[in-house]
Amino acid sequence: MAPRGRPPLSRGVLAFDAPGWEPPSAVVLDTNVVADALLVNQPEHAACAALMRALVAAGTSITFSRHLEIELWQVLFNLALRERHPRKDLRRVRYDNRVRPRAARLLREAHEAWEQELLGSLSWTRIEIHEIAGQVPGLIQDYGLESYDAVHAATLLDSGITDFLTRDGGFAVLPSTVATLHTTRARLTNTRARRRRAGY
Amino acid sequence: MATKQKSSTKVPAKRAAAGAAKASGPAKAAASNGGGRVRRVRMGRLDVEVHEPAEKDPKKRAEAVKRATSRIKSTAIIDTIHPGQEY
Numbered sequence: 424m425a426p427r428g429r430p431p432l433s434r435g436v437l438a439f440d441a442p443g444w445e446p447p448s449a450v451v452l453d454t455n456v457v458a459d460a461l462l463v464n465q466p467e468h469a470a471c472a473a474l475m476r477a478l479v480a481a482g483t484s485i486t487f488s489r490h491l492e493i494e495l496w497q498v499l500f501n502l503a504l505r506e507r508h509p510r511k512d513l514r515r516v517r518y519d520n521r522v523r524p525r526a527a528r529l530l531r532e533a534h535e536a537w538e539q540e541l542l543g544s545l546s547w548t549r550i551e552i553h554e555i556a557g558q559v560p561g562l563i564q565d566y567g568l569e570s571y572d573a574v575h576a577a578t579l580l581d582s583g584i585t586d587f588l589t590r591d592g593g594f595a596v597l598p599s600t601v602a603t604l605h606t607t608r609a610r611l612t613n614t615r616a617r618r619r620r621a622g623y
Numbered sequence: 158m159a160t161k162q163k164s165s166t167k168v169p170a171k172r173a174a175a176g177a178a179k180a181s182g183p184a185k186a187a188a189s190n191g192g193g194r195v196r197r198v199r200m201g202r203l204d205v206e207v208h209e210p211a212e213k214d215p216k217k218r219a220e221a222v223k224r225a226t227s228r229i230k231s232t233a234i235i236d237t238i239h240p241g242q243e244y
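Those protein sequences? They're chains A and B, same order as listed.
The numbering used here puts the first sequence at residues 424 to 623.
The numbering used here puts the second sequence at residues 158 to 244.
These are calculated hints, taken from the structure and not from any lab test.
Even for Gly, the Cβ is constructed at its ideal location relative to N, Cα and C.
Certain hints may be false.
These stretches of chain B come out as covered by chain A in the derived footprint (C-beta under 8 Å, 3 or more residues) [to be verified]:
#	stretch
1	199-212
2	221-231
For each label pair, taking beta carbons as the anchor points, the in silico distance ranges come out as [as the list claims (entries may be wrong)]:
#	chain 1	residue 1	chain 2	residue 2	range
3	B	227	A	444	44 to 54 Å
4	B	232	A	429	37 to 47 Å
5	A	517	B	220	33 to 43 Å
List of simulated lysine to aspartate or glutamate pairs, EDC-like, C-alpha gap at most 20 Å [to be verified]:
#	chain 1	residue 1	chain 2	residue 2
6	B	230	A	554
7	B	223	A	440
8	B	230	B	220
9	B	217	A	440
10	B	213	A	535
11	B	230	A	445
12	B	217	A	506
13	B	223	A	538
14	B	223	A	535
15	B	223	A	506
16	B	230	A	506
17	B	216	A	538
18	A	511	B	220
19	B	213	A	538
20	B	230	A	535
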């Protein structure tokens, strides 16, 4: 059946798992895209892993904040906690020492996968937090971003790159003139709606 | 994105590994990148190092990405969007 009416406005939000999507020449990466690419059982793993393959094949240059790596280690520690305590509030089991050996193995595996295999295959730039920290208070004030999201946003703005790969619709508060968001198809409608509500 | 190349260096992987300890400046950066080229460029407001892929063969690069994205298996599913908010 042919689609009815005019196509929806893109509002600077695209889906990287949509047919016909082509990787830009330079992008900024968010943690959640890397985490889902590395973790096989995550719901959006297939889309994020295919994205990594596309970036490598296209020779895309990736830029990321040092904060991405810090958040990635946090994700892996959380994963070890969740494996041992599937139904408990993680705040209450965070200091369970039995988790540590599994967490260490996960961190080691992820370190090799990220540093040696992914970064060894891509053209990349790591931005240290102190280089962009001056922008963070303004981003928190202007857009209501959380501190860690503001670090990624500052990396995007200061690098002069406009393409941002993220699964977090919260970045829709950034104007489309400075941030073209690339997300998954499943998140496209909501992210565009958030951008419309933000007035762009 | 406007980038202006300021300096560059290319160190063979073997020499990079051997000389990593005594290298300095761009040579040290290349050594830490597994022998891949490291360029110092102006990117927006930042002065940054661009690391070229250490692996030159596109086929081996594709294999490395496949390995990276298939090695960490877990029975659990977690929130990867807000990792700090699990607490």
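Hint-by-hint comparison with the structure:
no.	hint	verdict
1	199-212	holds (count 12)
2	221-231	holds (count 11)
3	B:227 <-> A:444: 44 to 54 Å	violated, 22 Å
4	B:232 <-> A:429: 37 to 47 Å	holds, 45 Å
5	A:517 <-> B:220: 33 to 43 Å	holds, 37 Å
6	B:230 <-> A:554	violated, 35 Å
7	B:223 <-> A:440	holds, 17 Å
8	B:230 <-> B:220	holds, 18 Å
9	B:217 <-> A:440	violated, 24 Å
10	B:213 <-> A:535	holds, 18 Å
11	B:230 <-> A:445	violated, 29 Å
12	B:217 <-> A:506	violated, 33 Å
13	B:223 <-> A:538	holds, 14 Å
14	B:223 <-> A:535	holds, 13 Å
15	B:223 <-> A:506	violated, 24 Å
16	B:230 <-> A:506	holds, 11 Å
17	B:216 <-> A:538	holds, 18 Å
18	A:511 <-> B:220	violated, 38 Å
19	B:213 <-> A:538	holds, 16 Å
20	B:230 <-> A:535	holds, 14 Å
In summary, the numbered hints that this structure violates are 3, 6, 9, 11, 12, 15, 18.
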